[in-house]
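Using the sequences provided together with the hints, build the complete structure.
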Amino acid sequence: MTTTQFALSEGELNLPGAYQDRSINLLKFSEYDATLAITRAWDIQPGAEETFIKQQLAKVQRSMKKVTMGEVEDSTIAGQPAREVALRFLNQSTMVYEKLAITRVEDHLLVLTLSRTAPFDADADAFWASIRTGLQLRA
Numbered sequence: 037m038t039t040t041q042f043a044l045s046e047g048e049l050n051l052p053g054a055y056q057d058r059s060i061n062l063l064k065f066s067e068y069d070a071t072l073a074i075t076r077a078w079d080i081q082p083g084a085e086e087t088f089i090k091q092q093l094a095k096v097q098r099s100m101k102k103v104t105m106g107e108v109e110d111s112t113i114a115g116q117p118a119r120e121v122a123l124r125f126l127n128q129s130t131m132v133y134e135k136l137a138i139t140r141v142e143d144h145l146l147v148l149t150l151s152r153t154a155p156f157d158a159d160a161d162a163f164w165a166s167i168r169t170g171l172q173l174r175a
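Every number in the numbering used here is 36 more than the matching position in the sequence shown, counting from 1.
A portion of the hints provided could be inaccurate.
[To be verified] Straight-line alpha carbon distances no greater than 27 Å define the calculated DSSO-like cross-link-like pairs of lysine-lysine that follow:
hint : residue 1 : residue 2
1    : Lys-90    : Lys-101
2    : Lys-64    : Lys-95
3    : Lys-101   : Lys-64
4    : Lys-102   : Lys-90
5    : Lys-64    : Lys-102
FYI, nobody ran anything at the bench for these hints, they're computed from the structure.
Fair warning: this is a prediction, and the values are worked out from it, not measured in the lab.
This is the structure:
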């Protein structure tokens with residue numbers, strides 16, 4: 037039987053066979069008053085990235101109030117092409133500021149979303165850039 041490893045903060049989980057990672061990782065950064073959500077979108081065909089991001093933004097517009105979005109722009113994650121957008125919205129009585137970026141990794145999309153309750157300033161923008169450049173994809 038072949039085993040595969042899944043990395044956890046607490047260690048490695050040896051699994052009896054192959055798996056598809058459908059996890060959602062939430063990482064809290066108190067120093068930046070920020071939360072990073074890392075998700076994966078499967079079953080998105082190559083070339084459908086723009087449709088995917090538009091669908092995600094439409095969900096935000098339907099479920100949140102006072103939504104303001106920037107233009108979807110070219111970006112990079114781990115040195116490879118990505119699409120990115122800045123937005124803000126009212127969630128209950130709290131204004132949330134987000135940066136969302138997607139890139140294709142093999143057979144799925146990797147989605148990074150950095151959320152704050154304060155506007156992005158130069159320090160927060162630099163922190164966001166360090167997240168996007170700090171990812172090291174498997175060879």
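Check the hint pairing Lys-64 with Lys-102 against an upper bound of 27 Å on the C-alpha distance. holds (25 Å)
Mind checking the alpha carbons of Lys-101 and Lys-64 for me, to see if they're no more than 27 Å apart? holds (24 Å)
So if I understand the rule, the pair passes when the alpha-carbon distance is 27 Å or less; does Lys-102 with Lys-90 pass? Since the Cα atoms of Lys-102 and Lys-90 sit roughly 18 Å apart, the hinted pair holds (cutoff 27 Å).
Taken at face value, is the distance from the CA of Lys-95 to the CA of Lys-64 at most 27 Å? holds (23 Å)
Holds or violated: are the alpha carbons of Lys-90 and Lys-101 at most 27 Å from each other? holds (17 Å)
The structure shown violates none of the earlier numbered hints.
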